[in-house]
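A.B. asks: For reference, the chains in residue letters:
Protein chains: 2
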Amino acid sequence: MPELRHDPIQKRWVIIATERGRRPSDFVRLEPEQSSGFCPFDEGNEDKTPPEVLALRPENTKPNTPGWAVRVVPNKFPALRIEGELDRAGEGIYDKMNGIGAHEVVIESPQHDLNLGDQPIEHFQKIMQVYQMRLKDLKKDTRFRYILIFKNQGVTAGASLAHPHTQIIATPVTPRTVAMELESARQHYELKERCLFCDILKQELEQGDRIVTQVDGMVAYTPFASRFPFEVFVTPIEHSHDFAELTDKGLLALSRCMKDVLARLKGALNDPPYNFMLHTSPNTKSQARRSTYWTSLPYDFHWHFEIIPRLVRIAGFEWGTGFYINPTPPEEAARYLREVEIT
Amino acid sequence: MPELRHDPIQKRWVIIATERGRRPSDFVRLEPEQSSGFCPFDEGNEDKTPPEVLALRPENTKPNTPGWAVRVVPNKFPALRIEGELDRAGEGIYDKMNGIGAHEVVIESPQHDLNLGDQPIEHFQKIMQVYQMRLKDLKKDTRFRYILIFKNQGVTAGASLAHPHTQIIATPVTPRTVAMELESARQHYELKERCLFCDILKQELEQGDRIVTQVDGMVAYTPFASRFPFEVFVTPIEHSHDFAELTDKGLLALSRCMKDVLARLKGALNDPPYNFMLHTSPNTKSQARRSTYWTSLPYDFHWHFEIIPRLVRIAGFEWGTGFYINPTPPEEAARYLREVEIT
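Heads up: the sequence lines are chains S and R, in that order. Basically this note's numbering = 1-based index in the first sequence + 355. Basically this note's numbering = 1-based index in the second sequence + 355.
One thing to keep in mind: the hints can contain errors.
Rough simulated footprint, nothing fancy, chain S against chain R, three-plus residues with beta-carbon under 8 Å [unchecked claim]: (1) 438–450; (2) 525–539; (3) 680–692.
Hint data in this document are derived by calculation from the structure and do not stem from the laboratory. Backbone N, C-alpha and C fix where the C-beta goes; we use that ideal spot for every residue, glycine too.
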């Protein structure tokens with residue numbers, strides 16, 4: 356059983372995958388495994404993945420057969436296990452929990468070589484819709500406090516399979532980065548009775564120099580204190596704490612905006628590897644909602660996607676400090692991205 | 356002038372290197388620059404670096420000439436600038452500061468190909484001594500709140516020059532990771548009147564399964580909630596908040612312990628790339644010591660080196676959450692490292 360362990364110094368949870376126990380010889384090189392030509396995510400190989408959790412498919416097709424448009428399956432090598440009750444325990448000064456959680460893969464389309472940014476807008480919207488459906492469904496499980504949706508595009512960004520896919524991990528704790536954002540949003544709201552993100556967006560829209568694009572009420576901008584070159588946030592201009600509540604019209608607007616940003620990054624940076632992740636409010640139905648990690652209902656939060664092109668290596672300074680050196684001012688990154696010609 | 360910017364959501368400072376303004380075409384590939392065979396850190400090339408700040412050299416040799424054992428020079432492409440007064444300002448909802456700081460390079464020896472772990476113990480101790488001398492000297496500058504000493508070994512770990520070197524960055528803010536540790540240590544002390552790190556060490560020494568090695572009062576262990584496979588902390592068993600106060604005897608013990616750990620990592624993991632960084636108490640002479648980042652004198656802190664072999668890629672999940680998945684339980688990592696035969 357994997358284990359969740361709490362670092363009493365950094366106040367951070369870590370997943371220790373106790374079952375896999377990787378030996379030193381497993382770490383010889385960082386290179387990706389050579390492709391054998393076989394892909395378990397291709398159409399026709401549905402029996403090579405665990406049985407599907409969800410698929411957008413015609414009504415006359417059976418589960419785990421060809422014909423699907425978007426397909427969600429459990430991860431074959433999950434970081435957390437779905438079965439069991441949460442069990443918290445101490446170990447002297449330390450705290451731990453059994454590694455309960457969900458780990459799923461969204462196979463974005465049957466096409467092996469079609470990257471997310473190149474999907475037609477109708478299909479892009481279907482993928483976003485699937486994110487939302489899984490988010491809603493996983494929130495029904497009261498063991499899960501947070502559901503993280505994230506994508507690794509390209510080997511440098513951590514993708515182990517080339518077939519375009521997104522991952523979903525549901526955890527019994529709110530991850531530290533999100534907890535920090537929730538806390539900042541709460542503090543700002545208590546002081547000013549305004550949303551921190553709405554205040555930031557107001558200033559960004561007035562200043563304009565960090566805006567990348569605006570589409571139907573969605574905005575993409577490079578954050579004032581960007582950690583990485585060409586980091587972009589995509590978020591609704593109108594306040595909304597929960598991505599699960601986005602309407603179909605909103606999903607279409609989001610898809611248009613995200614597709615626009617991905618095309619600009621591709622054009623400006625020669626199809627870079629990237630990560631993106633959704634930050635949205637935690638599960639309000641969670642058993643453990645009164646933890647130190649989350650002290651109020653998160654209506655003061657504002658959901659957003661964070662897109663990070665993987666252009667620079669992270670070295671000791673960043674690891675040692677959580678303090679980043681960014682060689683590209685976000686105003687210049689935004690200007691480059693605005694000026695890219697997209698077709 | 357570089358700029359320090361504060362992220363109001365993540366409460367983190369970022370260095371924006373506004374002078375370099377890297378364009379999209381600068382990021383074509385992550386590969387290191389090809390070596391031209393010329394190394395500015397080699398003996399005889401002293402005039403190819405900025406003038407030395409410090410060097411261990413015989414009394415009959417002149418600065419910036421051959422003959423030195425360890426040499427410290429300003430970084431030719433510094434992330435922060437040494438000249439000027441600190442200037443804090445707002446920009447609407449945001450906060451910023453001019454990018455004042457020091458950025459130095461410790462050239463560990465004249466030998467181009469001799470890695471730190473392979474240095475004879477006498478030379479290893481000299482390098483540690485130089486760290487301490489620079490730390491003491493930089494602390495005299497009241498503009499600097501924190502001095503970070505860190506090493507990138509190998510291209511994967513972020514090293515841009517092959518000649519073994521360590522970097523030192525002095526900053527006018529306490530970096531978030533260290534601030535979090537200081538805060539945890541303070542909270543623990545207020546509650547229990549004991550040092551958090553001492554309590555952890557006591558348990559580790561009793562349990563024993565995460566201990567890698569012990570040398571003359573220094574201990575190396577794999578942390579309970581290790582973020583990365585084979586992560587190792589090296590620290591004095593006896594309480595000490597400030598690395599600058601370590602005696603010569605202590606420096607020798609530290610050198611023996613660090614060298615032992617580096618040899619074990621090399622043996623177990625086939626000479627892996629790694630980062631290490633020193634976490635020690637901030638500058639108590641700093642102008643700005645009453646910030647939210649640092650609320651008490653740090654005598655409750657406990658200095659330590661964090662050594663992180665770079666064996667796994669950091670993917671979207673980690674970036675998105677600050678929540679790590681570690682495939683190797685620290686107990687197993689410690690056991691492998693204990694069992695390595697070192698010569």
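A.B. asks: It remains to establish, for every hint, whether it holds in the given structure.
C.D. replies: Verification of the supplied hints:
1. 438–450: Our answer is that it holds, as 4 residues pass the Cβ test (under 8 Å) against chain S, meeting three.
2. 525–539: n = 9 at 8 Å, threshold three: holds.
3. 680–692: holds (count 8)
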